[in-house]
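Turn these sequences into a full structure, and let the hints steer you where they fit.
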Amino acid sequence: MVRETKPVPTIPIDELVKRMHGDEDVFILDVRNADDYAGWKIEGERVRSVNIPYFDFLDDDESVFARLPKDKEIHVVCAKGGSSAYVTELLTARGYRAVSVEGGMEAWSQSLHPVVVHEDEKLKVIQFNRLGKGCLSYFIVSEGEALVVDALRRVDFYEDFARQNGWTIRHVVDTHIHADHISGGRRLADRVGAPYFVSSYDIFTHQGALRFEPLEQHKTLRVGAVDVDVIVIPTPGHTPGSTSLLVDNRFFLSGDTVFVSGLGRPDLGGKVSEWAQDLYDTVSNKLKALSDDVIVLPAHYSHHTEINARGVVGARLGDLRRINELLREIDREAFTAAVEASASTERPPNFEKIIAINVGKLTVAPEEEIELEIGPNRCAVHRATA
Numbered sequence: 001m002v003r004e005t006k007p008v009p010t011i012p013i014d015e016l017v018k019r020m021h022g023d024e025d026v027f028i029l030d031v032r033n034a035d036d037y038a039g040w041k042i043e044g045e046r047v048r049s050v051n052i053p054y055f056d057f058l059d060d061d062e063s064v065f066a067r068l069p070k071d072k073e074i075h076v077v078c079a080k081g082g083s084s085a086y087v088t089e090l091l092t093a094r095g096y097r098a099v100s101v102e103g104g105m106e107a108w109s110q111s112l113h114p115v116v117v118h119e120d121e122k123l124k125v126i127q128f129n130r131l132g133k134g135c136l137s138y139f140i141v142s143e144g145e146a147l148v149v150d151a152l153r154r155v156d157f158y159e160d161f162a163r164q165n166g167w168t169i170r171h172v173v174d175t176h177i178h179a180d181h182i183s184g185g186r187r188l189a190d191r192v193g194a195p196y197f198v199s200s201y202d203i204f205t206h207q208g209a210l211r212f213e214p215l216e217q218h219k220t221l222r223v224g225a226v227d228v229d230v231i232v233i234p235t236p237g238h239t240p241g242s243t244s245l246l247v248d249n250r251f252f253l254s255g256d257t258v259f260v261s262g263l264g265r266p267d268l269g270g271k272v273s274e275w276a277q278d279l280y281d282t283v284s285n286k287l288k289a290l291s292d293d294v295i296v297l298p299a300h301y302s303h304h305t306e307i308n309a310r311g312v313v314g315a316r317l318g319d320l321r322r323i324n325e326l327l328r329e330i331d332r333e334a335f336t337a338a339v340e341a342s343a344s345t346e347r348p349p350n351f352e353k354i355i356a357i358n359v360g361k362l363t364v365a366p367e368e369e370i371e372l373e374i375g376p377n378r379c380a381v382h383r384a385t386a
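full-length UniProt numbering puts the sequence shown at residues 1 to 386.
It should be emphasised that the hints constitute simulated quantities derived from the structure, not laboratory data. Just so you know, not all the hints are guaranteed correct.
[Unchecked claim] Derived SDA-like pairs (lysine to any residue); straight-line CA-CA distance at most 20 Å: (1) K6 <-> S83; (2) K361 <-> F351; (3) K6 <-> E89; (4) K288 <-> E333; (5) K41 <-> I28.
[As the list claims (entries may be wrong)] Have a look at the derived ranges for each label pair, beta carbon to beta carbon: (6) K70 <-> R211: 49 to 59 Å; (7) D281 <-> K80: 37 to 47 Å; (8) P349 <-> P12: 18 to 28 Å; (9) R97 <-> H304: 17 to 27 Å; (10) G22 <-> E121: 25 to 35 Å; (11) P349 <-> D14: 23 to 33 Å.
From a predicted model like this one, the values you see are computed outputs, not experimental measurements. No residue lacks a Cβ here, since even glycine has one placed at the ideal position from N, Cα and C.
As C-alpha cells, this is what we get:
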C-alpha cells in the first residue's frame with residue numbers, strides 16, 4: 001500500500017506581509033546559514049525571528065526544536081523556498097503549526113507594499129515599500145493622471161496598479177541613477193508611452209547609453225490639476241545629478257539625498273571629498289529654504305524602525321533637523337569630515353554592474369537581475385544624534 005503524502009503547507013510572500021502589518025506577532029524561523037541571516041533577514045515591529053540553519057535539522061536532534069513555540073504558527077523561510085519546505089514538513093510531523101514561505105528571501109526581496117501617504121480632493125501620494133530591500137517608490141496622482149518616481153524593476157506591478165485605479169501614467173522620473181537596485185524607470189516609460197526623466201549629469205558621468213529627458217531642464221512637471229506642481233530642486237551630493245522633487249510645497253521626495261536616518265553617501269563614484277562638498281552646499285543652501293513642515297519622503301531606508309505608525313517611511317523636515325546635526329547649522333569642515341567617514345562603510349554589492357544596467361550600458365537576464373539585487377540597501381550616511 002502506498003502511503004499518501006500530505007502537501008507541505010505554504011504561504012505566499014504577500015500574505016506574510018499582510019500578517020506582519022496585522023495585530024498579532026509573527027514568528028519566523030530562518031533556516032539559512034548564520035552569516036546570511038546576520039547580514040539580512042525579515043524584520044518588522046511585530047516580527048520575532050530565530051535562526052536555526054537547515055543542516056541542524058538533518059541530525060534528528062530533538063534539542064533543535066526546543067527554541068520553537070508550540071502555541072504560534074511558525075513561518076519557515078530559506079533562500080528560495082526549497083529548504084524551508086523540508087523543515088516545514090519535519091515540524092508539522094512533530095505537531096507544530098508551520099508554513100513554508102513561498103520563494104523564500106528571493107520573494108521577500110521583490111515584494112512591494114503600497115501605503116497611502118496623503119489624500120485630498122486634488123492630490124494623492126502613494127508610497128511603495130520594497131520591504132525586503134528598503135527601497136521606496138511613489139505615485140503622485142491628480143485628476144486621474146500619475147507621475148511615478150523611482151520605479152523598481154517590477155514594472156508590471158506599477159502598470160497593474162495604475163490600471164486597477166483607472167489612472168494614466170504621464171511621467172516617469174528617477175531622482176538619480178541608483179546603485180543598489182535595478183531601475184524600472186526606462187522600461188515603465190516605454191511600456192506606458194510616457195517620457196522618462198533623469199539627470200543628464202548622472203547619465204554623462206557614467207557614459208550612459210539611455211534615452212531620457214534631462215530632468216534638470218524642467219522646473220515644473222505638471223500632473224492633473226494646474227495647481228499641483230512637481231518642482232524640480234537639484235540636490236547634488238549623493239551623485240552629481242541627484243535631484244529631489246517638491247510636490248505642492250508639502251512633500252519633499254528627496255531621492256537618496258535626505259533619509260529619515262541620515263544623508264545619502266557620496267562615495268560611490270570614487271570622489272568622496274568632492275561630492276561631500278556638494279552635499280554640504282545642498283544641505284546648507286537648497287534645503288535650508290524648505291519649511292520645517294515639509295514631509296520628507298526618501299527613496300530608501302535602512303531599518304524597519306524608520307517605518308512610522310501609519311506604515312509610511314517619512315518625517316517632517318523640522319523633526320529631522322532636530323535629531324540630525326548634519327541638517328542643522330554646522331561648519332563645512334565638521335560636516336565633510338563626518339560624511340567622508342561614511343566612505344569606510346560597506347558598499348552596495350554589485351553596485352558597478354547595477355549602475356551599468358541603469359544607464360543602458362549593460363543588459364542581463366531577469367534571473368541575474370534578481371541575484372544582483374539580493375540583500376539590503378547601503379546608501380545612507382547614518383545620522384548623528386543631538
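Supplied distance hint 49 to 59 Å, evaluated on CB atoms of K70 and R211: holds, 58 Å
Does the structure keep K6 and S83 at a Cα separation of 20 Å or less? Distance of about 17 Å is within 20 Å: holds.
Okay, P349 versus D14 on CB: inside 23 to 33 Å? Since P349 and D14 have Cβ atoms about 26 Å apart, the given range 23 to 33 Å holds.
So the hint says 18 to 28 Å: do the beta-carbon atoms of P349 and P12 match that? holds, 27 Å
Quick check: does the Cβ-Cβ distance between G22 and E121 fall within 25 to 35 Å? holds, 31 Å
The hint says 17 to 27 Å between R97 and H304; measuring C-beta to C-beta, is that right? Once the Cβ atoms are compared, 25 Å apart, the range 17 to 27 Å for H304 and R97 holds.
Please verify whether K288 and E333 have alpha carbons no more than 20 Å apart. Between K288 and E333 the Cα gap is close to 18 Å, so the pair holds against 20 Å.
Given the hinted pair K6 and E89, is their alpha-carbon gap at most 20 Å? holds, 9 Å
Verify the proposed pairing of K41 with I28, using a straight-line Cα cut of 20 Å. With a Cα-Cα distance of about 10 Å, the restraint between K41 and I28 holds, given a limit of 20 Å.
Is it true that the CA of K361 sits at most 20 Å from the CA of F351? It holds: about 14 Å lies between the C-alpha atoms, which stays within 20 Å.
Can you let me know if the beta-carbon spacing of D281 and K80 is within 37 to 47 Å? Cβ of D281 to Cβ of K80: about 45 Å, so the range 37 to 47 Å holds.
The structure shown violates none of the earlier numbered hints.
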